[in-house]
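Enquirer: Sequence:
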Amino acid sequence: MDALYGMRKKWHQRMLNRYLQQRQIRHHSINFNTARKIGILFEGTELAQREPVIAFSEKLKALQKSVKLLAYIDNRLDAEGFVFKSFNRKELDWLLRPRSEEALEFMNTSFDILINFSLKEHLPLEYLAACSKAHFRVGPFTAHTYCYELMIDLPAGKGLPAFIEQVEIYLNKMQSTHEAAAV
Numbered sequence: 065m066d067a068l069y070g071m072r073k074k075w076h077q078r079m080l081n082r083y084l085q086q087r088q089i090r091h092h093s094i095n096f097n098t099a100r101k102i103g104i105l106f107e108g109t110e111l112a113q114r115e116p117v118i119a120f121s122e123k124l125k126a127l128q129k130s131v132k133l134l135a136y137i138d139n140r141l142d143a144e145g146f147v148f149k150s151f152n153r154k155e156l157d158w159l160l161r162p163r164s165e166e167a168l169e170f171m172n173t174s175f176d177i178l179i180n181f182s183l184k185e186h187l188p189l190e191y192l193a194a195c196s197k198a199h200f201r202v203g204p205f206t207a208h209t210y211c212y213e214l215m216i217d218l219p220a221g222k223g224l225p226a227f228i229e230q231v232e233i234y235l236n237k238m239q240s241t242h243e244a245a246a247v
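Under my numbering, the sequence shown has 161 at position 97, and the numbering climbs by one with no breaks.
There may be inaccurate statements among the hints.
[Unchecked claim] Using 30 Å as the maximum straight-line C-alpha spacing, the simulated DSBU-like pairs for lysine-lysine come out as follows:
1. Lys74 x Lys184
2. Lys125 x Lys149
3. Lys73 x Lys197
4. Lys125 x Lys184
5. Lys129 x Lys149
6. Lys222 x Lys132
7. Lys101 x Lys154
8. Lys101 x Lys125
9. Lys149 x Lys101
10. Lys154 x Lys237
11. Lys154 x Lys73
12. Lys197 x Lys154
13. Lys197 x Lys237
14. Lys129 x Lys197
15. Lys129 x Lys101
16. Lys237 x Lys222
17. Lys123 x Lys74
18. Lys101 x Lys74
19. Lys149 x Lys74
20. Lys184 x Lys149
21. Lys197 x Lys101
22. Lys184 x Lys197
23. Lys123 x Lys197
24. Lys237 x Lys73
25. Lys154 x Lys74
26. Lys74 x Lys125
27. Lys73 x Lys149
28. Lys154 x Lys132
29. Lys125 x Lys222
30. Lys74 x Lys237
31. Lys73 x Lys132
32. Lys222 x Lys73
33. Lys123 x Lys101
34. Lys149 x Lys222
Don't read these hints as lab results, they were simulated from the structure.
Work the whole structure out from these sequences, hints included.
Expert: So this is what it looks like as C-alpha cells:
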C-alpha cells in the first residue's frame, strides 16, 4: 500500500510540475488592508482544527473582507451541515488532485490573498494553493516553494492558533509599493 501511495505522490508531483509550467499566473504581494477577497484552505477533519479557522474568518468578515473557506476532510464520509464548503478523499482522482466542484471553483477564484492553514502536508490542499489564481499565497513552511509567496515556519510544539497569529502579524506588516527597493 505504501509503495502504491508513493507512486501516486510521484505522479502527482510530475503532473503538477507540468501544469505549473504551462500556466502563467503572476503572483505578487498585496497590502492586507486593501485586500478584499480572501480564500482560506484548511484541514477540517477535527473540530479543534476548524474552530480557530472559523473564528479567524469571522474576524476578517468584521473587517468587511469577503472570505471563502474550503476544508479538506481526510476521510470518505459525506460532510454536510458545516458553515464552509469541503471535499474529502472520495473527491480526489488517482493522482490525489481534488476533483470536486467546490475545489475547482475555489482554485479558479482570483483571491487577493489565499491562506493555507494546514500545518501538515496534505497534497490536495497544496495542489489547490499551487494552482490557485490568487494574487498572494500564504502557507506553512514546506519544501514545495511553488505553493506560496510567503511561508511561515512555526516552532515545534506550536499549534494552529499560533500559526494564525503569525499569519496575521506578517500580513499586517506587508506593504505593497510599486517602487524599486533601496540598495
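Enquirer: Next step is simple, just say for each hint if it's right about the structure.
Expert: Status of each hint after checking the structure:
Of the supplied pair hints, the one linking Lys74 and Lys184 holds, its CA atoms being roughly 18 Å apart against a limit of 30 Å. Pair hint Lys125 plus Lys149 holds up; C-alpha atoms about 17 Å apart against a cutoff of 30 Å. A hinted pair counts as satisfied when its Cα atoms are at most 30 Å apart, and Lys73 with Lys197 qualifies at roughly 23 Å. A C-alpha spacing of about 26 Å is found between Lys125 and Lys184, which places the hinted pair at or below 30 Å, so the restraint holds.
A hinted pair counts as satisfied when its Cα atoms are at most 30 Å apart, and Lys129 with Lys149 qualifies at roughly 18 Å. The hinted pair formed by Lys222 and Lys132 meets the criterion: a straight-line CA distance of about 25 Å does not exceed 30 Å. Between Lys101 and Lys154 the alpha-carbon distance is near 29 Å, which keeps this suggested pair within the 30 Å criterion. Among the hinted pairs, Lys101 with Lys125 is consistent with the structure: their alpha-carbon atoms are about 10 Å apart, no more than 30 Å.
For the hint linking Lys149 to Lys101, the alpha-carbon distance of about 16 Å falls within 30 Å, and the restraint holds. Proposed proximity of Lys154 and Lys237 is contradicted: the alpha carbons are some 39 Å apart, above 30 Å. With a C-alpha separation of about 17 Å, the suggested pairing of Lys154 with Lys73 holds against the 30 Å cut-off. For the hint linking Lys197 to Lys154, the alpha-carbon distance of about 24 Å falls within 30 Å, and the restraint holds.
At most 30 Å may separate the alpha-carbon atoms for a hinted pair to count; Lys197 and Lys237 meet this at roughly 23 Å. About 18 Å separates the Cα atoms of Lys129 and Lys197, which keeps this hinted pair within 30 Å; it holds. Distance check on the hinted pair: Lys129 and Lys101 sit about 6 Å apart at the alpha-carbon level, within 30 Å; holds. Note on Lys237 and Lys222: the hinted pairing holds, with a Cα-Cα distance of about 21 Å set against a maximum of 30 Å.
For a cut-off of 30 Å, the pair hint linking Lys123 to Lys74 is broken: about 38 Å separates their Cα positions. Our distance criterion of 30 Å between C-alpha atoms is broken by Lys101 and Lys74, whose separation comes to about 33 Å. As the CA atoms of Lys149 and Lys74 are separated by approximately 28 Å, the hinted pair is consistent with the 30 Å bound. Of the pairs offered as hints, the one joining Lys184 and Lys149 holds, with about 20 Å between alpha carbons and a cut-off of 30 Å not exceeded.
A distance of roughly 12 Å separates the Cα atoms of Lys197 and Lys101; the hinted pair therefore holds under the 30 Å criterion. Annotation: proposed proximity of Lys184 to Lys197 holds, straight-line Cα distance about 22 Å (limit 30 Å). For the hint linking Lys123 to Lys197, the alpha-carbon distance of about 24 Å falls within 30 Å, and the restraint holds. Under the criterion of a C-alpha separation no larger than 30 Å, the hint pairing Lys237 with Lys73 is inconsistent with the structure, at around 36 Å.
The straight-line distance between the Cα atoms of Lys154 and Lys74 is roughly 20 Å, inside the 30 Å bound, and the hint therefore holds. For the hint linking Lys74 to Lys125, the alpha-carbon distance of about 39 Å lies beyond 30 Å, and the restraint is violated. Of the supplied pair hints, the one linking Lys73 and Lys149 holds, its CA atoms being roughly 25 Å apart against a limit of 30 Å. Annotation: proposed proximity of Lys154 to Lys132 holds, straight-line Cα distance about 22 Å (limit 30 Å).
Of the supplied pair hints, the one linking Lys125 and Lys222 holds, its CA atoms being roughly 26 Å apart against a limit of 30 Å. Distance check on the hinted pair: Lys74 and Lys237 sit about 37 Å apart at the alpha-carbon level, beyond 30 Å; violated. Taking the CA atoms of Lys73 and Lys132, the gap is near 28 Å; set against the 30 Å cutoff, the hint holds. Between Lys222 and Lys73 the CA atoms are separated by roughly 27 Å; this keeps the pair inside 30 Å, and the hint holds.
Only pairs whose Cα atoms come within 30 Å are accepted, and Lys123 paired with Lys101 is accepted, the gap being roughly 14 Å. In summary, the hint linking Lys149 to Lys222 is supported, as the alpha carbons are separated by about 27 Å, within the 30 Å threshold.
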